[in-house]
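The lines below spell out each chain.
Number of protein chains: 2
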Amino acid sequence: MKYVITIGREYGSGGRFIGKKVADTLGIPFYDNELITEACKDSGLSPAVFETFDEKTDGFFSGAGMYSYDISLSQKVFLAQFDAIKKIADKESCVIVGRCADYVLRDVPNVCNIFICAPMEEKIKRAVEFYGLNPEKAASQIIKKDKKRKGYYNFYTDLDWGKASNYDLCINSKLGIDNCVNVIVNFVKERFNLE
Amino acid sequence: MKYVITIGREYGSGGRFIGKKVADTLGIPFYDNELITEACKDSGLSPAVFETFDEKTDGFFSGAGMYSYDISLSQKVFLAQFDAIKKIADKESCVIVGRCADYVLRDVPNVCNIFICAPMEEKIKRAVEFYGLNPEKAASQIIKKDKKRKGYYNFYTDLDWGKASNYDLCINSKLGIDNCVNVIVNFVKERFNLE
Chain A
1 MKYVITIGRE YGSGGRFIGK KVADTLGIPF YDNELITEAC KDSGLSPAVF ETFDEKTDGF
61 FSGAGMYSYD ISLSQKVFLA QFDAIKKIAD KESCVIVGRC ADYVLRDVPN VCNIFICAPM
121 EEKIKRAVEF YGLNPEKAAS QIIKKDKKRK GYYNFYTDLD WGKASNYDLC INSKLGIDNC
181 VNVIVNFVKE RFNLE
Chain B
196 MKYVITIGRE YGSGGRFIGK KVADTLGIPF YDNELITEAC KDSGLSPAVF ETFDEKTDGF
256 FSGAGMYSYD ISLSQKVFLA QFDAIKKIAD KESCVIVGRC ADYVLRDVPN VCNIFICAPM
316 EEKIKRAVEF YGLNPEKAAS QIIKKDKKRK GYYNFYTDLD WGKASNYDLC INSKLGIDNC
376 VNVIVNFVKE RFNLE
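Chains A and B, in that order, give the protein sequences. Quick note: the first sequence uses my numbering, first residue 1, plus one each step. Quick note: the second sequence uses my numbering, first residue 196, plus one each step.
Calculated directly from the structure, the hints in this document are not laboratory data. A quick note: this is a predicted structure, and the numbers were derived from the prediction, not measured. Even glycine gets a Cβ: it sits at the ideal position worked out from N, Cα and C. Hints should not be assumed to be uniformly reliable.
A partial selection of chain B residues facing chain A, derived with a Cβ cut-off under 8 Å [said to hold, decoys possible]:
{"hint": "1", "residue": "E205"}
{"hint": "2", "residue": "G222"}
{"hint": "3", "residue": "F225"}
{"hint": "4", "residue": "D353"}
{"hint": "5", "residue": "G357"}
{"hint": "6", "residue": "K358"}
{"hint": "7", "residue": "S360"}
{"hint": "8", "residue": "Y362"}
{"hint": "9", "residue": "I366"}
{"hint": "10", "residue": "L370"}
{"hint": "11", "residue": "N374"}
{"hint": "12", "residue": "V378"}
{"hint": "13", "residue": "E385"}
{"hint": "14", "residue": "R386"}
{"hint": "15", "residue": "F387"}
Let's have the full structure, built from the sequences with the hints guiding it.
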């Protein structure tokens with residue numbers, strides 16, 4: 001049976017890493033940056049445009065610093081990813097991280113939507129260790145990054161990012177990465193009646 | 196090892212029922228209405244006061260329809276339950292539903308906080324079947340009840356009811372009651388290293 005797991009995540013929660021491990025455990029493909037490449041193929045937009053405008057909506061909210069052709073490009077990137085996500089989900093079972101995949105696939109059967117969060121002190125630790133953030137500035141940078149994710153999500157969907165009732169399962173990664181993977185895999189098996 | 200599971204839940208989500216089944220599966224006590232009785236014992240307040248003011252804060256938000264001695268009684272009920280929850284959590288492993296137990300026990304080790312939600316159509320079905328709500332008025336009544344729960348929770352805590360990052364695990368009961376119980380029990384075992 002074909003099924004899709006979408007993962008939304010707070011910055012520094014380990015959500016991407018957990019998603020990759022869940023995909024590996026279930027033996028299905030994982031899409032994150034790969035998705036951008038996939039989207040580029042059919043859209044006619046250059047990879048540089050994707051790098052610049054991926055999951056960005058600054059101009060929509062700040063009201064400054066982004067010209068109208070930039071906004072148009074942001075939307076083109078979103079729409080190209082929208083199409084790519086639909087094609088991927090149509091083709092095979094997979095895990096897709098970010099990019100409003102839950103909303104894009106809202107009318108597709110056998111999709112389950114997961115959100116991963118973490119306490120601020122653990123997000124700081126992870127962001128410093130894995131993304132090289134300055135320990136003193138990490139907290140404010142994490143808040144800013146999540147504000148952008150929330151803005152991007154709430155702009156393109158009619159839902160509220162990080163609100164429990166939007167998702168099938170939300171898990172706090174303070175449980176530990178491998179424990180989270182176990183809980184999610186168990187959840188997916190219950191959800192889709194996998195052995 | 197002693198551990199406590201707190202459960203917050205949307206009205207009609209089946210959260211109370213799931214909590215009871217989780218407690219039964221784990222072989223630990225379950226506290227909901229029992230908690231009120233427990234709280235009454237030491238507080239000197241009559242059971243009638245508890246019935247009237249339990250998880251109610253109307254006056255705080257409507258600004259009308261409740262006199263100051265009512266507000267004072269609401270707070271006394273809250274504080275009596277606060278003490279009772281602390282005593283119960285100190286005594287034994289258990290499941291506690293509602294009443295801001297997650298907030299009351301925020302500094303206690305080995306507590307995990309779970310939130311249970313459900314799609315509106317399933318909450319209506321359940322509220323009509325189990326609580327006898329009028330099918331035509333059920334949706335607005337459910338919204339009102341959850342607004343009160345959110346108000347009660349947000350008033351007494353510095354947290355936001357139903358926001359994923361406040362909890363260790365949030366689960367949508369559209370998965371099915373028994374499947375939810377399995378996922379939660381699995382989660383609790385991962386969390387507390389139970390066999």
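Hint-by-hint comparison with the structure:
The beta carbon of E205(B) comes within 7 Å of a beta carbon in chain A, closer than 8 Å, and the hint placing it at the interface holds. With a least beta-carbon distance of about 20 Å to chain A, the hint placing G222(B) at the interface is violated under the 8 Å criterion. The beta carbon of F225(B) comes no nearer than 22 Å to any beta carbon in chain A, farther than 8 Å, and the hint placing it at the interface is violated. The interface hint given for D353(B) is broken, as the beta carbon of that residue sits about 14 Å from the closest beta carbon of chain A, more than 8 Å.
Annotation: G357(B) was flagged as interfacial toward chain A, and the flag holds, the nearest CB pair being 5 Å apart, inside 8 Å. Taking 8 Å as the C-beta cut-off, the interface hint given for K358(B) holds, the closest approach to chain A being about 6 Å. Of the supplied interface hints, the one on S360(B) holds, with its beta-carbon coming within about 4 Å of a beta-carbon of chain A, less than 8 Å. A cut of 8 Å between beta carbons decides the hint on Y362(B): the least distance to chain A is about 7 Å, and the hint holds.
Interface hint status for I366(B): upheld, as the beta-carbon distance to the closest one in chain A is roughly 6 Å, under 8 Å. Evaluation of the L370(B) hint against chain A yields a held restraint, the C-beta minimum of about 6 Å falling below 8 Å. Hint status for N374(B): holds, given a least beta-carbon distance of 4 Å to chain A, under 8 Å. Because the smallest distance between the Cβ of V378(B) and any Cβ of chain A comes to about 5 Å, under 8 Å, the interface hint for this residue holds.
A least Cβ separation of about 4 Å between E385(B) and chain A falls short of the 8 Å threshold, and the interface hint therefore holds. With a cut of 8 Å, the hint placing R386(B) at the interface with chain A holds, because the nearest CB-to-CB distance is about 6 Å. Below 8 Å, beta-carbon pairs count as interface contacts, and F387(B) has none with chain A, the closest being about 10 Å; its hint is therefore violated.
The structure does not agree with the numbered hints 2, 3, 4 and 15 stated previously, though it agrees with the rest.
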